[in-house]
Amino acid sequence: MIQVKNLYVDLGDFQLQDINLTVDEGEYFIVLGPTGAGKTVLLESIAGLYPVKSGQIWLRGKEVTSLEPEKRNISIVYQDHVLFPHLSAAENILFGLKIHRRPKQELVKVLDWLSDLLGIAHIMDRSPDTLSGGERQKVALARALSTKPEVLLLDEPLSALDPETREGVQKELRQLHNQLKVTTIHVTHDFEEAIALGDHIAVLGEGCIKQVGTPEQIFHQPNSEFVAHFAMARNIFTGEVVERDDGSTVFRTEDTELEVVTDLRGKLHASVRPEDILISPEPLRSTARNSFCGTITHIADRGSTLYLTVNLPPDFICLVTRRSCEEMRLTKGQKVYITFKASAVHIF
Amino acid sequence: MIQVKNLYVDLGDFQLQDINLTVDEGEYFIVLGPTGAGKTVLLESIAGLYPVKSGQIWLRGKEVTSLEPEKRNISIVYQDHVLFPHLSAAENILFGLKIHRRPKQELVKVLDWLSDLLGIAHIMDRSPDTLSGGERQKVALARALSTKPEVLLLDEPLSALDPETREGVQKELRQLHNQLKVTTIHVTHDFEEAIALGDHIAVLGEGCIKQVGTPEQIFHQPNSEFVAHFAMARNIFTGEVVERDDGSTVFRTEDTELEVVTDLRGKLHASVRPEDILISPEPLRSTARNSFCGTITHIADRGSTLYLTVNLPPDFICLVTRRSCEEMRLTKGQKVYITFKASAVHIF
Amino acid sequence: MVKKWFATNNMTITFILLGGIIFLFIIVPLLKMIVASDPKILLDTALDSEVINSIGLTLYAALIATVIGFLLGVPLAYLLARFDFPGKNLVEGLIDVPIVVPHIAAGIALLFVFGRSSLAGKAFNLIGIDFFDSIAGIVIAMLFVSIPFMIDSAKEGFKKVDVRLEKVSRTLGASPWQAFFKISIPLAWRSIVAGGVMMWARGISEFAAVIILAYHPMVASTLIYERFETYGLDYARPAAVLLILVCLISFIVLRLLLYRGQKT
Amino acid sequence: MVKKWFATNNMTITFILLGGIIFLFIIVPLLKMIVASDPKILLDTALDSEVINSIGLTLYAALIATVIGFLLGVPLAYLLARFDFPGKNLVEGLIDVPIVVPHIAAGIALLFVFGRSSLAGKAFNLIGIDFFDSIAGIVIAMLFVSIPFMIDSAKEGFKKVDVRLEKVSRTLGASPWQAFFKISIPLAWRSIVAGGVMMWARGISEFAAVIILAYHPMVASTLIYERFETYGLDYARPAAVLLILVCLISFIVLRLLLYRGQKT
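Residue numbers (the numbering used here), protein chains in the order written: chain A, 147 to 494; chain B, 147 to 494; chain C, 10 to 273; chain D, 10 to 273.
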């Protein structure tokens, strides 16, 4: 368990103030914030790599605020990996154990374990500058895990990867965490990444923590404009991707089932952009696979466009033009049908 | 008029070969190609700034292949503007005229003309490093125009701008060209930019010219996979944005009218992504503003998804899932309705 | 609790102690010599015409060497910054040779080529230039040992100038000369001047190569050396202090002008 | 038709001519002196024990100065590369002062501080070290004039090492010392060695500061100077050629080793 109490960090241009976080043992904790919010510095402060102006950091019930970083047993993986360029992949991974003068057979064992775990046995002798982004990422992860840290800090681990690799690595991070249960703090600016991975999420912005909660709390009950800005752009749901008997793939939430196009399976999240949803007074017979009946519970006027909240349940936010709304005489309390294509549902 | 004949340029890693281009007097000519295709080097070769291995460049009926760049009267605007950092905006613009020792009153006249034309009178005394991207762009354009060049070369002039400014600058480039009628060669990797601006387009790829033609020829009759790759992703139409009597904004093509959401007016282009189009056997009554009846003329199988060509006319390419297609028993020759929202139409 | 992990460990403390030794080793001798000087003796020395003349000669000869270095070194620096050619590495290596060749041996080599009995020496003699025991000799000795500073600094300066700035100026009608003088030189100016200052300072500090070619007229270093040899440390010291002060003050003033130029 | 706009205009031709003059001015004296040497005389000189001893002494003293410079200069370079503190610019400026101070004056200053009559001189005398006319004196003279090369080069080397590499090693359990020796030093090694080579070469080339502190035992430069003063150019030349050859060959070999190390 790691606790950050009233942390105050000076970044020169601005400050991080009154940072309070509690991360439970074995938890996957996400710090979500825009670029330049001081997320990396927050991680470095926790690791003892950046001077703290005031406040305390507690690790498993002990105060470590002024402890040397090498005595904390907290590992960090930077966004751009920062591998030791003069050492091979294997030497990078074993650096920590060699520093601790562990016996040879332990080195071999740990290296075997990590290269199996991450599937990197074939690149062990290569130099970091010959590795791809995804491979460097895995070596950096293996290096961080080699010392069996109490806390693993991940600094935007997915943002340096291209979109194709990202989805796979995100899945692997989840699996890795399920297997190892190492307490993890992961910082990111990507809302969907935060939702997909986090047990709890802290939203960092304007130098302080705006909100802490479960993914559901963050996207259903944003406590400020700042947090809402992250959450508002999409309809986000928690549920499970399953195959139905008829061979179709659906995303099943508590209340409803959405037809989707995806190769992913299991407990996941889904989002639908408000502008991809069609509203009609009668059900539509069309190529769109998802069509539901619901009630308009709220209309938010944005000038030439309007945001309708349609409750099925759950709530869907839909974007329509003012002309459509007037022509179809949409009013609060009215029953309407919402329709969107299976390919408009994003699973993550 | 500028002619490039059998140009061969060595770029070290690869070569530009057999480049043949004819750009008419006063034409806006686009060279379209992916990043790294050697577009900048092609412009520099035309300007005499890069050594040509073989081939010829003719300018208004004279061969200029070995002429010094300062004697060609061809101006270039680089992507990142490359303003003289030690000179003010006005001094940048007047650099060419001062080199030519033009009289003081001419300098004043040209500066007034250019700062009016581009709306930059208020930044004339500023240093380049205090200017925004859009302002630097305009100063670079003014500098290039100051010497009344026979040919203006534009190296990805829009790609260094943020998306908000880009649309405005694109419009201004069009207007500027309509006013001044200076022969222009503009290189870009953006297909829609090419369509929107070009009188003719040459597609550059794999070291040679793949196709030359009008925008319509390029997107309706791509002559190779390479060119088709640029064109295939969207339904693209040429037409005019007008306001209808009932106050709605429509994009009018030869054959049809699409309802759209845009502030632009006049002769433009529109695109609709195949995945944004809904297909149904009957007309839909919904918030979607565009619904048309047409005939399926072609079905292209892509595994779990299918591309349908629906002829209204014009032809629309629509993406549907295999399940939808089977369930609705869509077949070639069938009459269907296509539906998409006004906000799904991109005007450029 | 305020904490600076990077400043309070025993390694940084050790490093501060070790680094402090070498830092003190550099500044204490200069500082102590300046501080320990009797201002009156220093003033007397400053009024000693022999001292004034030799310091003046030193500054003057180093300035001429710098001007020659500017006229000949800047074009070479531009070529090296702009063009690649086979053997470029060798040329760049050879240009730095004067820094690593012992200066006494360099002086011997220069005397061998430019001395009265050599071919070049005789040729220059015809146009009235004699390199032995003359200002011309001092200048070429200084030029030889200090030219690499000018070339290297100007080269780095030109490298930082985007070649496309020159290209744009060409399309606007500038000849290669105009592009060079209106674009490249103004933008590389600070590096060139910094190189010139270093070259001038290095010229002033030269002794070994100078005395081989020209013991007379005496540059400041030679004068100090002769006084040291003839009368001992105490007699040589005031002139040495004066020379150090002149050098440091000129150097500081020039650097400050350079940095002020950067800001405006 | 092949065309290179940037190579065939009259400006580049003029620049090649001007640059060629200064390039020839640098290499012709050295080349001519080496080429014009009678191999037999050169061989005799190489067997002259006085010459061998002085060259050996020069190389040895410069090496000791370099080792001291390494031990004291590298920590200082690391501090300057890693930390900001008020007055850092001043410290960095002062470290470069030995390059611009006239070497004769620097020698006087060193003698003033480390001479037999000074406080430091007396203190060192108690532990058996005398700086006047001794190898110790030669070493500190060389150290003084050449230390900036080591500090500046090592500093640039450390600056290029991402500080986060050290931070990562700390999280993996490395102490500051381990991070320094296992990460910072290996990654900055080439710059440090390059600085060491420059420092060594600069130490060998020093004459002015050395003769003030220690005319005897004679370093190679002093021997050449004495032969030049006593017997003239022709007698001094073979030893000068030999010294230049030793310097250039050592320098080239070391640079090649350094570049080979870069590739593997």
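FYI, nobody ran anything at the bench for these hints, they're computed from the structure.
A hint or two may mislead.
Claimed, not checked - Each pair of labels, with its calculated beta carbon distance range: (1) D:Arg264 to C:Val262: 29 to 39 Å; (2) B:Asn324 to A:Asp164: 52 to 62 Å; (3) B:Gly279 to A:Thr276: 29 to 39 Å; (4) D:Ser143 to C:Val44: 54 to 64 Å.
As the list claims (entries may be wrong) - Selected chain D positions facing chain A (Cβ under 8 Å, derived; list incomplete): (5) Arg179; (6) Ser184; (7) Gln187.
Even glycine gets a Cβ: it sits at the ideal position worked out from N, Cα and C.
Going down the list of hints, with the structure as the test:
Evaluation of the 29 to 39 Å hint for arginine 264 of chain D and valine 262 of chain C yields a pass: the beta carbon distance comes to about 36 Å. In this structure the supplied range 52 to 62 Å holds for asparagine 324 of chain B paired with aspartate 164 of chain A, their Cβ-Cβ distance being about 58 Å. Taken as a hint, the range 29 to 39 Å holds for the pair glycine 279 of chain B and threonine 276 of chain A, whose Cβ atoms sit roughly 37 Å apart. The supplied range of 54 to 64 Å is broken by serine 143 of chain D and valine 44 of chain C, whose beta-carbon atoms lie about 27 Å from each other.
A least Cβ separation of about 4 Å between arginine 179 of chain D and chain A falls short of the 8 Å threshold, and the interface hint therefore holds. Taken as an interface hint, serine 184 of chain D checks out: its beta carbon lies about 6 Å from the nearest beta carbon of chain A, inside 8 Å. At about 6 Å, the closest approach between the beta carbon of glutamine 187 of chain D and any beta carbon in chain A falls short of 8 Å, and the interface hint on this residue holds.
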